[in-house]
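There are 2 protein chains.
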Amino acid sequence: MRAEIISIGNELLIGDTVNTNASWMGAFMTEHGFEVSRVYTISDNIIQIKQSIVSSMSESDIVLCTGGLGPTHDDMTKRAVAELFNMKMRTDKEVLAFVQDYFSRRNIPFSHSNFGQAEVPDACEVLFNNSGTAPGMWFNIDGKYLAVMPGVPHEMQYLMQNKVAPKLHQVFGHTTHLYSRYIKTAGIGESTLSDNILGNLDSFLKDGVSLAFLPMAGGVTLRLNGTGSTKSGAEQSVVPLADYIHKKAFEFIIGEGKELTVSEVVGQLLIKSGQTLAVAESCTGGMIANEITNISGSSAYFMGGFVAYSNSVKINQLSVLAGDIETHGAVSKQVALQMAKNVAVKLGADIGISTTGIAGPDGGSVEKPVGTIWIGYWDKTQHFAIKASFTKDRIINKERTTRTALELVRRILKGVDSVPYNLEKQYP
Amino acid sequence: MRAEIISIGNELLIGDTVNTNASWMGAFMTEHGFEVSRVYTISDNIIQIKQSIVSSMSESDIVLCTGGLGPTHDDMTKRAVAELFNMKMRTDKEVLAFVQDYFSRRNIPFSHSNFGQAEVPDACEVLFNNSGTAPGMWFNIDGKYLAVMPGVPHEMQYLMQNKVAPKLHQVFGHTTHLYSRYIKTAGIGESTLSDNILGNLDSFLKDGVSLAFLPMAGGVTLRLNGTGSTKSGAEQSVVPLADYIHKKAFEFIIGEGKELTVSEVVGQLLIKSGQTLAVAESCTGGMIANEITNISGSSAYFMGGFVAYSNSVKINQLSVLAGDIETHGAVSKQVALQMAKNVAVKLGADIGISTTGIAGPDGGSVEKPVGTIWIGYWDKTQHFAIKASFTKDRIINKERTTRTALELVRRILKGVDSVPYNLEKQYP
Chain S
0 MRAEIISIGN ELLIGDTVNT NASWMGAFMT EHGFEVSRVY TISDNIIQIK
50 QSIVSSMSES DIVLCTGGLG PTHDDMTKRA VAELFNMKMR TDKEVLAFVQ
100 DYFSRRNIPF SHSNFGQAEV PDACEVLFNN SGTAPGMWFN IDGKYLAVMP
150 GVPHEMQYLM QNKVAPKLHQ VFGHTTHLYS RYIKTAGIGE STLSDNILGN
200 LDSFLKDGVS LAFLPMAGGV TLRLNGTGST KSGAEQSVVP LADYIHKKAF
250 EFIIGEGKEL TVSEVVGQLL IKSGQTLAVA ESCTGGMIAN EITNISGSSA
300 YFMGGFVAYS NSVKINQLSV LAGDIETHGA VSKQVALQMA KNVAVKLGAD
350 IGISTTGIAG PDGGSVEKPV GTIWIGYWDK TQHFAIKASF TKDRIINKER
400 TTRTALELVR RILKGVDSVP YNLEKQYP
Chain F
0 MRAEIISIGN ELLIGDTVNT NASWMGAFMT EHGFEVSRVY TISDNIIQIK
50 QSIVSSMSES DIVLCTGGLG PTHDDMTKRA VAELFNMKMR TDKEVLAFVQ
100 DYFSRRNIPF SHSNFGQAEV PDACEVLFNN SGTAPGMWFN IDGKYLAVMP
150 GVPHEMQYLM QNKVAPKLHQ VFGHTTHLYS RYIKTAGIGE STLSDNILGN
200 LDSFLKDGVS LAFLPMAGGV TLRLNGTGST KSGAEQSVVP LADYIHKKAF
250 EFIIGEGKEL TVSEVVGQLL IKSGQTLAVA ESCTGGMIAN EITNISGSSA
300 YFMGGFVAYS NSVKINQLSV LAGDIETHGA VSKQVALQMA KNVAVKLGAD
350 IGISTTGIAG PDGGSVEKPV GTIWIGYWDK TQHFAIKASF TKDRIINKER
400 TTRTALELVR RILKGVDSVP YNLEKQYP
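From first to last, the protein sequence lines are chains S and F. Each residue of the first sequence is one higher than the one before, counting from 0 in numbering that gives the first Met the number 0. Each residue of the second sequence is one higher than the one before, counting from 0 in numbering that gives the first Met the number 0.
Honestly, the hints are just simulated from the structure, not real lab data. Just so you know, not all the hints are guaranteed correct.
Stated by the list, open to error - If you want a taste of the chain F side facing chain S, the calculated C-beta under 10 Å gives, among others:
1) 35
2) 139
3) 287
4) 289
5) 295
6) 389
7) 390
Note that the Cβ used here is the ideal one computed from N, Cα and C, for glycine as well.
This is chain S alone, in the form it adopts within the complex (with noise of 0.2 Å):
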């Protein structure tokens, strides 16, 4: 089954936003078995809407076309696909309702343009949108399909999973599948991962079955596809490879999942091990604890913790010694570790985590670069801290340092030895 995406919106063209949701849509369609054959980014054109939707429903069996829905005067999609199809627009009571209730819990004015949120073609079937006031809409035309939907990412996604999804379930039903597998590690770097650690794996990779090192964010994730007649065939395909991985990597895989997150892994060990985290943060100044608490339930396992920017904080809220910092540096191991240590006593949690460092792109010397950065640890039964030379570039430092942080309490969670990237641990 064939499928194009239509993308709609001047600022795609004109650089100002870089299209993303094509590359979710794409991937999501794909998973689904479909081929994904174009994506067509236009701009809020009425005549070049049109024109897209029909090339596009000429070429493919469904036509997902995101963009252009807002209550604006630029916004043209709606119009378009009216024109196109020589629709009637009707005012959604359901949706009304719904957008009425979004502005006045906000206590927001209800304008007149608002009004024309919950209006849509008549024989559109509409796509209840509970995370936006634009209505996603669905259209059947002599048995090929389009989906219209607004642009705002989390809006798109959350329609494509819970509203577009089980149509294409119950339109198209099961033709051939791909079946992927996604299995996250952290810690490693790409190359020590594929050379070091698993080498060649050209006898697993046949029969329709492929890995692809996907580097992100959080670490390296592998992706495993197959392919089947049925979805438990694909499934089965990737099995052997899979499990090999495991085997190998065992150390460095958080989990499996395309979203896993450490914080995620390390909220589950925690509650599994019945233990407390709290966190004493300089360099990070907050990222790690916002890590933590993205996850939702972390209030059972999270007391939480001090953002130690400034050194009164440190030497006044967390009781580190003015002479350490004085003598050592507040970038030091002896900071690390009394921050880590004092933060978990002080709070009452049984593992203290800390951040100290300089996170650029200023503030750097030549014996401590921007870049430099000491992670302290604390329970009951070690007590250490591991120093790291990341980039120069603020936001990744703090990123690094939030990850290879969270993976180390991970790793302790989990019984494994390894610290992440190789770093040595320095004790008190």
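We have chain S already, so just place chain F on it with the hints.
Then chain F, alone, in the frame of chain S:
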């Protein structure tokens, strides 16, 4: 002058690679006075490549095509172009010498397929590529132009800047210049801004001046586009509209610049007024501190903060009265007020802000549903809290609370009375 872009590569369609090339080229061509009217993203399929080139050349003055120029069997672009225009292939001696040297300097054996890199359709002009082994190509077909470039981003960018740009100048001369100005707002919705604040702008939207509302994570960005026969003419053309917007929407405007963030502006205003900031975060879990410390130089005004996730941290570290938590709940005006004041006093900051709320997806009640958020504010002259009702989505709730809190601080530092999203100040 109209331009179209053709991006070739299966990896773009199945979502493994995001099409950043098209955005980069879109911005480049827009700045050079072209209207980019369409992007085709297609697979490495010879028929589709030919069809797309024919279609794009019929609709535009210049077509920019990237991808499918590698040495492997799935790279089809060169063959498609040669077949389409009935050209023979020739070996380019200069390219061959460069490619051979490239391999020998890297000690890589020169294989048969590498010879193909030096072959080009005979009627093309070679755009010599210093940064890779695939040359760019320039075609003049009956007064319409086609540039073919590799899909590797830094190679494409090198060719666009060093080879295509001079060609554009030579062939099209100075044509129309486009100028874009970005005015960023925060704490106001798109429709309120459009309908209630700005009103009808038709009198400004003529002679090539246009306005787009771009909803982004931090707020609504207004993009003003102007055109002119000179660069300064294009710049001048948007001045009346920009001035009008600044006058009407003054209190909601954080500044100008596509990448400007509220946390950056708050930092500038704190430095200017010589004040310092501290944060006490419950439901945002470190996100506010993280946003603030993403800004280089934030240590000058940011003291740090508490992530007071558990009630015990609120009570023991932030001296929130246990009785108030018992009586009013942790998500209450009383707790938000105490957190904001106490964090500022404890850390010796001039301004304290706090958040406490039900981020979700669980934990709500009838009285306090998921999305109920309190934000507290304290400085020596005022002390209040605001209540907001956001969504059922945890991450969106964290983000909105973060933006609202930072925008609140910005408005106070700027002397603006109104509260983001028209929320109400509630005093102790």
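Outcome of the hint check:
1. 35: With a closest approach of 4 Å, the residue 35(F) hint holds.
2. 139: Not OK, violated: residue 139(F) not within 10 Å of chain S, min 24 Å.
3. 287: holds (7 Å)
4. 289: holds (4 Å)
5. 295: Holds - the Cβ of residue 295(F) comes within 10 Å of chain S, reaching about 6 Å at its closest.
6. 389: With a closest approach of 8 Å, the residue 389(F) hint holds.
7. 390: This hint holds: residue 390(F) lies near chain S, its Cβ roughly 7 Å from the closest one there, short of 10 Å.
Hint 2 from the earlier list is the only one contradicted by this structure; the remaining hints agree with it.
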